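These are the residues of each chain, in order.
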Amino acid sequence: MTTSSAMLAGGPSASAPLATRSPAAGAQAIGSRITVSGVVKRYGSFLAADGVGIDIQPGEFVTLLGPSGSGKTTLLNLIAGFQKPDGGAIHVDGKPIDGVPTHRRGFGMVFQSYALFPNMTVTQNVAFPLRMAGIDRATSERRVAETLEMMRLSEHAAKTPAEMSGGQQQRVAIARAIVMRPRVILMDEPLSALDRRLRESIQIEIRDLHRTLGSTFLFVTHDQGEALAMSDRIAVMDAGRIVQIGTPTEIYRHPVNRFVAAFVGESNLIEAEILQRRGTTVTLKSRSGQVFEAESREQIDLGRVAVLVRPERIAVGAEQVSGAMRATVRSALFLGEIQRIEVELESGEPMLIRCADTAGRRLPDPGDTIWVSLGSEDCWVLS
Amino acid sequence: MSAVAPGAAAAAGPGVPLAERLRSPALLLVPAIAFLGFIYLLPLIDLVRISLAGIPWWTHFERVFSVPLYWDSLVRTMQISATVAALCLVFGYPTALLIHRSRGLAKVVIATAIILPYFIAILIRTYAWMVLLGRNGPINKLLQGIGITDEPLQLLFNRGSVLLGMTAVLLPLMVLSIYSSLSRLDGSLVRAALASGAGPIAVFWRVTIPLTLPGMGAGFLLVFVSALGFFITPTLLGGPGDQMFAMHITQQADFATSEGFLQALAVVLLVITLIVVGVAGHFLGFEFIWGGSKLVEAQTPPARGGGGARRASPGAGALLADLAGWPILRLIGRLPAGAGAWTVRIMGGAVIATLIVPIVVVMIISFSKSSFLTFPPPAFSLRWYEKFFSDSEWMAAFFNSALIAALSAAIAVSLGAAAAMGIVRSTIRGKTLLMLILVSPVVVPPVVLGLSLYSLFLRADLVGTPWGLAAAHAVGGIPIVVVIVAAALQGVDRRLEQAAAVHGASPATVFRTVTLPAIAPGLAAAAFFAFLHSFDELVLSLFLSSAQLKTLPLRLWADVNYQLNPVLAVVSSLEVLLVIGGIALARPVLSRSGGAA
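These protein sequence lines map, in sequence, to chains D and R.
Residues in the first sequence are numbered from 786 upward in steps of one, following my numbering.
Residues in the second sequence are numbered from 16 upward in steps of one, following my numbering.
So that you can see chain D by itself, here it is in the shape it has in the complex (with noise of 0.2 Å):
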């Protein structure tokens, strides 16, 4: 807990969870709170889950983003009670279900391989959780109904889903999982065995789910633009511990370390020294001796630090103006809307730009001089 919430304070604005998404005006937030504090999970002698804190928010809308192996499904399943876990605890509504068995918490989950009862027809699938809380056979027909025509899916009513595509069989297991508006929905990677196509589509429709029910939403995945598309905030995790936690903005402008920087986005790392700090400016020198500025949170130590150059943020030219770092372009990649420009600093830093096509641009030659020039604003220091 003390090394999670030590990293709860991602960015500038982390103190305001639901800054820049809430539920759409006019939807009741139903969603429950949940409260993870501490939680160890052991495998032998491997932590799958190493003091493990989070608070959603009713309502929010939170994924849980990291490699594979850095604990996400692992907490996902320790919240939805297939495992229990070694140590900490997990409330819900402040109350704590360390003692509620799975069938009793009143999740809805939608899995990565779908988990649609192959002996059951569509129908059957998504009137299990309604079966199972013995709800009456006339209300029970009328929600499947809503809820298959919420999801555009009754023409596929009676149905198996061997005889449906992945994308429906998707649509069925999300069907399933909402059909009891339920306060809390789980989601296990749910878009992986899907195409880009299908999974953009189904994103967005997971998106106006979100805003139309009100519940709580605990989506994991590996894919960050999935991540970054979707969430309200996310909590970027690695080697069983959350590092970082806040919104897509937060998080790809302002990560806490390299790791974070890494996984999320394209990034230039350069390294520097910084001579001096004023408020959250500060001016650093590079390798190559070229000063320049860049923003930081509050509290930063002065000496050599990391400094992230985001690819598209790097604006070039074929002159030398004020303030630009000489560089040798290595190779250059035409990609449709942007050109990709891969180059050596002076001081032998390699950097990776992304800058947009326009009509009097062209495209360098690999051995090239160019000019590149970071903004105060675009360049942002790693502790």
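If you're looking for bench data, these hints aren't it; they were derived computationally from the structure.
These numbers were taken from a predicted model, which means no experiment stands behind them.
Some clues are possibly wrong.
[To be verified] Some but not every residue of chain R turned toward chain D, in silico, with C-beta under 8 Å:
| no. | residue |
| --- | --- |
| 1 | Gly69 |
| 2 | Asp269 |
| 3 | Leu504 |
| 4 | Leu511 |
| 5 | Gln513 |
| 6 | Ala514 |
| 7 | Ala516 |
| 8 | His518 |
| 9 | Ala520 |
| 10 | Thr524 |
Glycine is no exception: its CB is placed at the ideal position from the N, C-alpha and C atoms.
With chain D fixed as given, assemble chain R onto it according to the hints.
Coordinates of chain R only, in the frame set by chain D:
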């Protein structure tokens, strides 16, 4: 046995509240282990105790090894078993390849031709060979017809007929073992070898054979171990010079000679069997007994490379292959192209004919009008079917067998399925050992088991009771159920169970709505095979039944030894129909589990 994962301790270790422990799936193992403990392990221990009761303790064993009758028989048994295992390997490999290479309907037909005889009682298959090789049997008729001989030849009651009969009976075991190994062979390896310039024969020698060696080894040892305890086939097909060791045990039991010596005979057979199984298990892994994959000891995320240690060192084998193999290969390479494929087809075809022809002949004879076993029948009729169904003794035997088999299947399925659940779902230590205990009755010679149970049944007054026989048969039925149901359970998607639980299904409901439907076909197949095991069981029944409780195999056995009449052919034909029906029912199960894997 693989190492136990350290995580296993956390699930069942101290500090876990009692209520939690009472819900552990490991408890499901208790009934089956207790049952086998009382009715299988304890009698065997008792057997060993009695065999050691002489003064001094080795008296009885000294007699076994010093009396030429027994010593010679022991050596002969080993020789016959090794020969049969070798014959099975030589003929089984091409057959397995034939199944592996054929496609579509041909594959189904060939595989069925191998599997079908496997499930027909050994007694009936041996009887079919007696018919086939008899003085008026089809083979003698054929030889006379062609004009090779004038007089019918004495084809039965010699070493050749014993070897032929035992090989035919045990071949399916070998073929299935090799085939399972072949089907796991990565086809891209063969294509890679071909692309690297290896000819089909070189591919076979350097890729196929080395990678299927475990299957060959498992098949050889399974056949060898089964042959060691063989009793029915050598008794019926052998002459005075072909006495096998197990036959001495039944004969001594009949004569009721001094107690202790009889047990010593059984212990010798048991110990030899266990040594062979132990050595085999050491090299192949004990999984070879149940032909299954390794058990997951506990939920450990990364595989800890346990299988790697068991790889045979490539050095010596490759050297031998290079020294001896390549010159031979070069010679074979001069043969016309396609010789290999034709060898497979001819040998495989011969094996299938050997397995199917006797059964077909017996089925034809069952419709004979003649009172003698003569082939082809002079005329056809249903008189022997009428005789069977109107004979009260045959019908009583049939109903006794059906009742005992139903009881036995009920015991085996309830205990075995629970145990399979415990094996697959619990995280306790020593799973491999428990599985070994559950499955071990398969390798214990039936004669030894029968003898050991006899004294227990005398004391408990169970001799000749349906429940007693059903329980004894369930000792062999439990391994069948455990293996089939454990495989079915391992195929169940845990996510489905989690999905049901998270959407409100209690553990009992999860089992009823998700787990049970998923394993139901496996349970049905297990129930059928447990039923069939008991229905066909003869050796235990010989020891444990009484004159008042005759089962169908006992009645058959008495008739086979007394007079070979076509009623036996009727019973055999009905059994074949039963097995065909069962396999037809089980087919969707087998194909589904194949598809899921």
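Do the hints match the structure? See the list:
Taking 8 Å as the C-beta cut-off, the interface hint given for Gly69 (chain R) is violated, the closest approach to chain D being about 51 Å. The interface hint given for Asp269 (chain R) is broken, as the beta carbon of that residue sits about 54 Å from the closest beta carbon of chain D, more than 8 Å. Contact between Leu504 (chain R) and chain D, as hinted, is not supported at the beta carbon level, the nearest pair being about 16 Å apart and thus beyond 8 Å. Checking Leu511 (chain R) against chain D by beta carbon gives a least distance of about 5 Å; that is within 8 Å, so the hint holds.
A hinted interface residue such as Gln513 (chain R) counts as satisfied when its beta carbon comes closer than 8 Å to some beta carbon of chain D; here the least separation is about 5 Å, so the hint holds. Here the hint on Ala514 (chain R) is kept, as its CB sits about 4 Å from the closest CB of chain D, short of 8 Å. At a threshold of 8 Å, the smallest CB-CB gap from Ala516 (chain R) to chain D is about 4 Å, leaving the interface hint in force. For the restraint placing His518 (chain R) at the interface with chain D, the shortest Cβ-Cβ distance is roughly 4 Å, inside the 8 Å limit, so the hint holds.
With its C-beta approaching chain D no nearer than about 5 Å, Ala520 (chain R) sits inside the 8 Å limit, and its interface hint holds. Here the hint on Thr524 (chain R) is kept, as its CB sits about 7 Å from the closest CB of chain D, short of 8 Å.
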